[in-house]
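Chemist: Sequence:
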Amino acid sequence: MRASKARYASRRFARRPRFETIAPFARAPSRRSVTERTIRREDARLLEGKGRYSADWNLPRQLYAFFLRSDRAHAEIVSTDVAAAAARPGVHLVLTGADYAASGWKSLPGGVAYEGVGGQKQKKPFWPALAHKKVHYVGQPVALAVAESAALAQDAAEEIALEYRDLPAAIGFDAATRPGATQLHEDIPGNLAFEYETGDAAAVRAAFAAAALKTRLTVRSQRLVGNPIEPRAFLASFDAASGVFTVYSPSQGLNGMRGFLAAATGLPGEKIRVVTELVGGSFGIRSFSYAEHVAVMLAAQKLGRPVKWVATRSEIFLSDNHGRGLTLAGELALDRDGKFLALRFDDCADLGAYSTPFGPQIGSRNITITMGGVYRVPAMHAHTRCAYSNAVPVSAYRGAGRPDIACAIERLVDLAAAEHGFDPIALRRRNFIPPEAMPYKTANGTTYDCGEFEAVMDKALLLADWKGFAARRERAKREGKLRGIGIATFLEASAAGVAPKDQAYARFDASGILHVSCVSQSTGQGHETAFVRILSEGLGLIDENAGERIRIHEGNLDLAVVGNGTGGSRSLYGAGSAVKLLVAKLIETAKPLAAAALGADVEYSGGQFRAGGKSIAFFDLAKKLAGASPHPMDCVAEGSFGATFPNGCHIAEVEIDPETGVIDVVDYATVDDIGNVVDHTSVEGQVHGGVLQGVGQVLGEHAIYDSETGQLLAGSFMDYPMPRADWMPAIRCDEHAVPTKANALGSKGVGESGTSGALGATMNAILDAVRPHGITDLDMPVTPDRLWRALKEARNKAA
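Read in order, the letters of the sequence shown correspond to residues 1 to 799 in this note's numbering.
Hints in this document: simulated from the structure, not taken from any laboratory. Watch out, some of these pointers could steer you wrong.
Now the in silico label distances, taken between C-beta atoms and shown as ranges [claimed, not checked]:
no., residue 1, residue 2, range
1, Ile542, Ala426, 47 to 57 Å
2, Asp719, Ile188, 30 to 40 Å
3, Leu59, Asp166, 35 to 45 Å
4, Arg220, Ile188, 23 to 33 Å
5, Ala113, Ala241, 31 to 41 Å
6, Ser242, Thr312, 26 to 36 Å
7, His515, Arg475, 57 to 67 Å
8, Arg551, Ser629, 10 to 20 Å
9, Ser629, Gly304, 55 to 65 Å
10, Ile425, Gly269, 48 to 58 Å
11, Arg475, Ala202, 48 to 58 Å
12, Gly612, Thr38, 17 to 27 Å
13, Ala584, Ser242, 36 to 46 Å
14, Ile542, Lys501, 27 to 37 Å
Only pairs whose alpha carbons sit at most 27 Å apart, straight line, appear in this in silico DSSO-like list of lysine-lysine [said to hold, decoys possible]:
no., residue 1, residue 2
15, Lys501, Lys585
16, Lys585, Lys623
17, Lys614, Lys591
18, Lys133, Lys106
19, Lys339, Lys133
20, Lys614, Lys585
21, Lys481, Lys121
22, Lys501, Lys741
23, Lys106, Lys121
24, Lys585, Lys741
25, Lys501, Lys441
26, Lys441, Lys339
27, Lys614, Lys624
28, Lys741, Lys441
29, Lys467, Lys477
30, Lys481, Lys467
Idealized CB from N, CA, C, for every residue including glycine.
Modelling step: build the complete structure from the supplied sequences, incorporating the hints.
Modeler: Structure below.
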């Protein structure tokens, strides 16, 4: 056993392909065939290397920046000497925290505006772009060197002499809030930033007092690094005559980044132009902006020359906002028949050293808005505390709290079934909110508009061949393996957005080509494909080249567009619904123009305006009128679209080698209710990616800090195992559409369903495999070493 374990340890998280491990057995096939797949419009450009990412931008007279970062988790800055660095050849500027303080620029923005317990406001420390007087986490920017090349800038930064006085570090929520803990910020005693609650505590206490059955569980959702394939990059130029900054950066939407930078600089938003073209992944970490971006802008202003910075992968680990960092202690009350009576959570959120715009929201509203999941629970209460610690600040990461609460609920339900003798499927079925109860207002005030949760589960059970699992488990047992199956029936909320409405602008060029602009930002989701399809089908353009006459613009706009960026799975039903409304607006705007051209009243169908025996095609009309400026067919559509509630059922199967602790996910099936679907290929891509990210969190990913020094121990791919394609079998996906009336498309959003289902389904599968050995609880990540030790301990107890 030891030799086998050692061999596995030497190859860390390397896995052999397991696509062949499932013997054939009867299953319901996935609903769509290969011939129904579509090729995304974006893909050829991306695969041929014809796109432009932010690091590809360069400007005349451009200089390069490099950041000196803190190597201490918590320390006073005693002195800073930049003389040697500034004197190096090719160096134009060295900035420190003192320079940032002298600039008059502001604290980086963050935090929530809504009230917490007792009407309290969130406590927010001043957050400088460059650390001043103190450093609060390893990787915090302390100084910035600007030179003729990136290499010269790095050499200069390494010449900066810093003297620190070390202070004790508080790593994690518990360490930061225990009595006598070191205080990070002078004006925030006890490091407690915010306390929040929702629901009816008295009703929950009464329900628990009367309950025949109770189940308690604590789920720890560890810190993660988003690690998009494209590192952060930022290029800033400043025009002194107009006072306008132009910045080039990957983002999740122009308005979110512009708002962050405007708040930090004290400038009005119209003085900051943000340019984003292609983005190589985001997962929430690009929702707003960063300290480094603000510091680069200050350097560009001082020098009067463009300044460019591109992060290294090491900097991504040290300074990109982390995700998760939540502990959710839940308790479920049931009657003797298994009916849910009450649910309560006591949650803790580690914000890191500062408050990002999303950090405290994740730890308060996001993990409580859907805390009842798909179940009818008469009484609910949640209490959550958010605290500062000496680590990288936390922000959104694929689901931003919703996968965490979904996992906690689904694990509670499975544990309740195991502890009290219920079948886990029957227990869920007994407590689902029925379709006829919609719209359904939960005990903590959230209203779900629609959903058919039992039908979704039944379809998933068939797709996964749930009934055939016993035979597969027996076969695995004969091979010396432990096999488990896990289910998660989940619901999440797609964000309503911050902006009051979403707009889509239509403009025609001299060739009659339609250009549509909105402020969502594709980071790999395929917005161009979806939006062009909405326009083509809505306008009745049936020839295969119709889409070539439409261009979509998101991140490089020369006009002001109102709307929400990409995030919270809302781009399709937000910007996409605005595009849907734009179809009607285009036809309405063009009708009188077509009537004038044909000399009679017209009707529109199949891409043509018709009057009697005469007709003119939509794009021919646009080209005919192209001489005017503005084009007479230019128009804008807008709408306000509320939150939606995507839901689904995921079923995972795992096999465990008890001799090594290696876990293989050998089967995975998903059924999602995301309302109406525009492009099935893009949907499956989103589900596949989300599931793999969720499995990555369950099996390996963890941004581990040393509890004493605050050093990041998982600071590279040597120590931080990213999930790989061969970790998973082919995922089989299906849909069960229950359209919503909350937007023009009837869509609910799909970007976060993969992670929302994967955490609970995979954890429940692992626990199902090891429960016969007396193991009822495991923390994520369930690494081979952790699982092997748990199995060994269980065997020792049984001996």
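Chemist: Could you run down the list of hints and mark each one as holding or not?
Modeler: Hint by hint, here is what the structure shows:
no., hint, result
1, Ile542 <-> Ala426: 47 to 57 Å, "holds (49 Å)"
2, Asp719 <-> Ile188: 30 to 40 Å, "holds (32 Å)"
3, Leu59 <-> Asp166: 35 to 45 Å, "holds (41 Å)"
4, Arg220 <-> Ile188: 23 to 33 Å, "holds (24 Å)"
5, Ala113 <-> Ala241: 31 to 41 Å, "holds (36 Å)"
6, Ser242 <-> Thr312: 26 to 36 Å, "holds (33 Å)"
7, His515 <-> Arg475: 57 to 67 Å, "holds (58 Å)"
8, Arg551 <-> Ser629: 10 to 20 Å, "holds (18 Å)"
9, Ser629 <-> Gly304: 55 to 65 Å, "violated (35 Å)"
10, Ile425 <-> Gly269: 48 to 58 Å, "holds (52 Å)"
11, Arg475 <-> Ala202: 48 to 58 Å, "holds (52 Å)"
12, Gly612 <-> Thr38: 17 to 27 Å, "violated (37 Å)"
13, Ala584 <-> Ser242: 36 to 46 Å, "holds (38 Å)"
14, Ile542 <-> Lys501: 27 to 37 Å, "holds (31 Å)"
15, Lys501 <-> Lys585, "holds (16 Å)"
16, Lys585 <-> Lys623, "holds (18 Å)"
17, Lys614 <-> Lys591, "holds (14 Å)"
18, Lys133 <-> Lys106, "holds (16 Å)"
19, Lys339 <-> Lys133, "violated (57 Å)"
20, Lys614 <-> Lys585, "holds (23 Å)"
21, Lys481 <-> Lys121, "violated (53 Å)"
22, Lys501 <-> Lys741, "holds (16 Å)"
23, Lys106 <-> Lys121, "holds (20 Å)"
24, Lys585 <-> Lys741, "holds (20 Å)"
25, Lys501 <-> Lys441, "holds (25 Å)"
26, Lys441 <-> Lys339, "holds (18 Å)"
27, Lys614 <-> Lys624, "holds (16 Å)"
28, Lys741 <-> Lys441, "holds (16 Å)"
29, Lys467 <-> Lys477, "holds (17 Å)"
30, Lys481 <-> Lys467, "holds (20 Å)"
The structure is inconsistent with the numbered hints 9, 12, 19 and 21, although it conforms to all the rest.
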